[in-house]
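*Asks:* Construct the entire structure; sequences and hints are all you get.
First residue of the sequence shown? That's 459 in the working numbering, and the numbers climb one at a time after it.
Simulated from the structure, these hints should not be mistaken for laboratory data.
Please read all numbers here as calculations on a predicted model, not as lab measurements.
Hints may be right or wrong, so weigh each one.
[As the list claims (entries may be wrong)] Subject to a maximum C-alpha distance of 20 Å in a straight line, what follows is the list of computed SDA-like cross-link-like pairs (lysine to any residue): (1) K852 <-> R835; (2) K766 <-> K823; (3) K883 <-> E837; (4) K823 <-> E859; (5) K930 <-> R953; (6) K883 <-> L848; (7) K930 <-> L958; (8) K930 <-> E876; (9) K934 <-> L958; (10) K852 <-> T955; (11) K883 <-> S928.
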Amino acid sequence: MQRTTEQQGTPGMDPREAGPTSTIDGSVLAPRAARGGSNAVALACGLAATLALIAPTCLAQAAADASPGSPNRWALVASQLGYGLQSALVLMAFVLGLLIWQRRAQRHIAWLLALMPGWVLMVGLARLTPWPAAIAVVLAPWLLWCGVHYLMRRLRRRDRRLHRALLAQAVLFPIALLLPVPSAQIAAFALWWLGAQLLIAMAWHVWHLWQDMFLPTLEERYPRADFALSCGLIGLGALAVLAAWLLPGSGLASVLGPLALIGMGLHRVRDFARALTQSELAVLQGELRLQERIAELERHFDQVAEAKLEQVTERERKRIAADLHDDLGAKLLTIVHTSESDRISTLAREALEEMRLSVRGLTGKPVVLLDALGDWRAEVVSRLAQANILAEWKSPAEDIEHTFPARAYVQTTRILRESVSNIIKHSGATHCVISCSAQDGYFSVVIQDNGQGIPLELEGRLDKGHGMASMKARAKQMHGQCLVESGPGWGTVIRLTIPL
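*Replies:* Structure (structure tokens):
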């Protein structure tokens, strides 16, 4: 015998993706933590409910058919229970047929499905016809053939030689009825011979289930709870065979046999429900993964689009910077060196410096903060000195290793220039202190003069002037702030704070 490689799991779902599962019987089982004893409890409840529905009617019918002291009273009760269980078998076969129709991956259950109406047919014909022994000899080998195939297919195994042998046996037994031997003796031999084969098949099935409980990987290992349940159901079938051997007139076989078949059917239905739950869980997990993937793709697309826009913007900035430097810068430099008017030469030089500052901001190269402080100090002190204002520059006490983005450097430079221009033009100051510091992730500049301050009549219009509004707008662009504090007679203080 060999194990087949066909997959009996839920279509479209890999059983191993749903956690620790068992596919030994061709169905996807729930994770081990969820199996516990729920399967056994559900099956026991199903069998108990079946007996509870059937037993009252059967007992009443048996009581009506036999007197209280009759020795066959319990045999009649067993016979009536057998009738009720056969009706339940037909209903279970119908349910299994629907299950196979809805889920073709469970085709191996067709052997159990064929076994149920076959049992009902054999028992019914044996009771309704005057040839019960002949009916048993004809149909019992075929029922054995279905039962053995079901036990093998649960383990996903096939054996062609055994298949042919069982078919040959099923064909030869009816031929034996033509021999000059009483059919009752042939039926008795068939009962012992076929029952022994069925017991051997059951023992072989339990042995392989036992071996599968100790497979190396958890995904392939057969769960202990299902093993105990399978042993219980197969035990019922074995008891039915023993009852047919040892107590042929008691009717126990007609009760235990259908009970075992109904239990196996309920077990299959339970596995189908469990597989359906796992499939729904897998679909939900797939939808969640798909949504996460879509969100990730959207984020990636946004990042790519942003990077592309930044790349295009950076390329355009560099082009504009190159045009300014090569064209406008060259012309301004020519005016500086060739103009005979000092005023024109000075204005051209200032325009050239502004143009160079704009080009530096457009190129996007970061500036070391120490270098920026040196540039700002040289420019501020030089401009204030030209206006006869004593400048006192206070740099940070310790060396700092921060860098300034190009745009932040340009905006800070223009804020400092505007501040110095306001001091020179409007303050009337003779002394100015510029203090710089870098701590807690912020860079601060405080510019304080001893001028006349801002008049009261202009206090409410500080933000309306182009210079002050421009300074605050530039600071806001850098996610910082620019505050102006002033009062008549005690000068003006400008505080610029921007994040590093």
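*Asks:* Take the hints in turn and mark each one as holding or not.
*Replies:* Okay, the hints, checked on the actual structure:
For the suggested pair K852 and R835, the alpha carbons sit about 9 Å apart, so the restraint of at most 20 Å is met. A distance of roughly 19 Å separates the Cα atoms of K766 and K823; the hinted pair therefore holds under the 20 Å criterion. In summary, the hint linking K883 to E837 is supported, as the alpha carbons are separated by about 17 Å, within the 20 Å threshold. Between the alpha carbons of K823 and E859 the distance comes to roughly 16 Å, so the proposed pair stays at or under 20 Å and holds.
Taking the CA atoms of K930 and R953, the gap is near 10 Å; set against the 20 Å cutoff, the hint holds. At most 20 Å may separate the alpha-carbon atoms for a hinted pair to count; K883 and L848 meet this at roughly 15 Å. At roughly 17 Å between alpha-carbon atoms, K930 and L958 fall within 20 Å of each other, so this suggested pair holds. Between K930 and E876, the direct Cα distance comes to roughly 11 Å. Compliance with the 20 Å bound is thereby established for this hinted pair.
A C-alpha spacing of about 14 Å is found between K934 and L958, which places the hinted pair at or below 20 Å, so the restraint holds. Proposed proximity of K852 and T955 is supported: the alpha carbons are some 16 Å apart, at most 20 Å. A C-alpha spacing of about 17 Å is found between K883 and S928, which places the hinted pair at or below 20 Å, so the restraint holds.
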